[in-house]
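Colleague: Sequences listed follow chains A and B, in order. Reading the first sequence from the start, the letters are residues 1 to 202 in my numbering. Reading the second sequence from the start, the letters are residues 1001 to 1335 in my numbering.
Hints in this document: simulated from the structure, not taken from any laboratory. Any given hint might turn out to be false.
Derived BS3-like pairs (lysine-lysine); straight-line CA-CA distance at most 25 Å [unchecked claim]:
hint	chain 1	residue 1	chain 2	residue 2
1	A	K33	B	K1074
2	A	K73	A	K33
3	A	K33	B	K1068
4	A	K62	B	K1074
5	B	K1068	A	K62
6	A	K62	A	K33
7	A	K202	A	K149
8	A	K69	A	K33
9	A	K145	A	K73
10	A	K69	B	K1097
11	B	K1074	A	K69
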Amino acid sequence: MYLRAANINIDDSVLVQQSQMGDTTAMERLILKYQNRIYNVILKMCGNPDDAAELVQEAFVKVIESIDKFQGKSSFYTWLFRIAVNLTLNHCQRSSRTAARSLDAEETEPDGTTSLMLRDCLSDERAVDPAAVAQSRELCELARKCLLKLEEPQRAVVVLRDIEGMDYAQIAEVLNIELGTVRSRLSRARGNLREILEAMLK
Amino acid sequence: MKPNPNLDELLSSFMDGELSPRQRTEVQRMAAHDPAVARRLRQLQNCRTLFCSLPPAEAPGDLLEQIKHTLERKTLLQEHPVSSRRTAGVVHLVFRKLVAAAAMIALLATLGVVVYQVVAPVPGSGPLVATAPNPLPPAVEDLGGAAPALAMVDAGFSGRLELRTAAFGSTDAFVRREIQTCGLTNLSEAGTADDQRVYQVAGTRNSVNRLIASLGGVWEDFDSAALSVGSPDGRATPVTIESVTPEQIVAVVDRSSTEASIETAATYAVMNRVMRNAPGGDLPPITNDSGGLWAMDAIPMPKLTGPERPIDATHTPVQGSAQASLTIVLLRTTR
């Protein structure tokens, strides 16, 4: 999973050049290449599939309109995610109160199986099986709700690192922050997530 | 174990592979020798595994189509931006105002013309104003002094014919009789009976021409004949035709306007002067542009409507219809 970001720059520069010369097929290939990644990141950040669909569409339209201004100083990958994440953060800030209220209303107690798996994730006795986590729909839903309880800046670094698989340098470039800020923010975000999960078990 | 922020940051970076080899070795050594660090590292790794294992979501299948649709909609909106639509609206309003203003001006102009036609005096329809449009020749003024002003609205021809003759008595009687025969109004008759007589006649151009045509029968009795032609209002410089012939007088009087009469008179004046100065006194032919010849024969003769026609002696032409006035000065000469 962490190898996702490693292979993304293949042929990007060529496709970008062709897009800048008016080749719509090249732009379509770029969209098809990144649409799921972008949508996944946006959805994990905003939590609403409809909003995510609209935001990903808006992000790609912005990319198409601005492709002529792209000078290649950064990679197309980080440039694309920077546009998408900024749009999503703005959207989240606008609807933060509404989202918080809906989360509070939807807060539910995990059932027995989910609680057991969650205790395993929080224990330090043995490593958790990722496949088992992925198969538990309730646990995944719980994790998504935990993410949405984080503040937007911390949510962004966790999503970009643990879900999209970016390295610290790429996260710093996307969020336009220092590398050390990424390091400390990510550490605090993980600590907060653990506290949120622990609170769910009590 | 109580969370240590610095340790958590170090362990977090260790999990993400973001430490230098030396730092990585150091963390491995700490975790190996300190069970609390090892537990904390496992807690963080398990927690991260939870979020890393979340199944990825897939974008809507019609995303590409939606993007194309959005772009097309934006392109259409840019072709008719709001500002241009507003500008078009403003232009339309201004155009409507201009059209309304133009229509108002046209309406006012039409009304003005209608009002003017109603209010303005129509020429000839108003009361006749007695004027003295025809400055009488000096001889008349000198001789008569009391010659009444011609009350003519449209006196198209004004002339003075000076005739010198040795047969003064018979000619004088002939002229007087022909004036009456032709139905002309003898407005003034002055002068001594012995050597000079002045007749001021007015009538239509035809009646004046009939008189001249009649005088043509005794024209050989005149030693000299000179016609001065001017405008009734005295603005134009009078033109004098020396050695004028009856045909020439008829041609001058027969013109349709004062200017044309003066122009014709000027032509005859030049022609007669040239003819007098030419050897033998013959008139040289004048070639026009089309190669034809102009000669005296080309001058139209007056259309005599029958001097034998009985004339009502009491007939008096309406002053308003009089278009010609002619002052005939008859002078006695001694041979």
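Colleague: List, from low to high, the hint numbers that the structure doesn't satisfy.
Modeller: Numbers 9, 10 - these are the hints that the structure violates, sorted from lowest upward.
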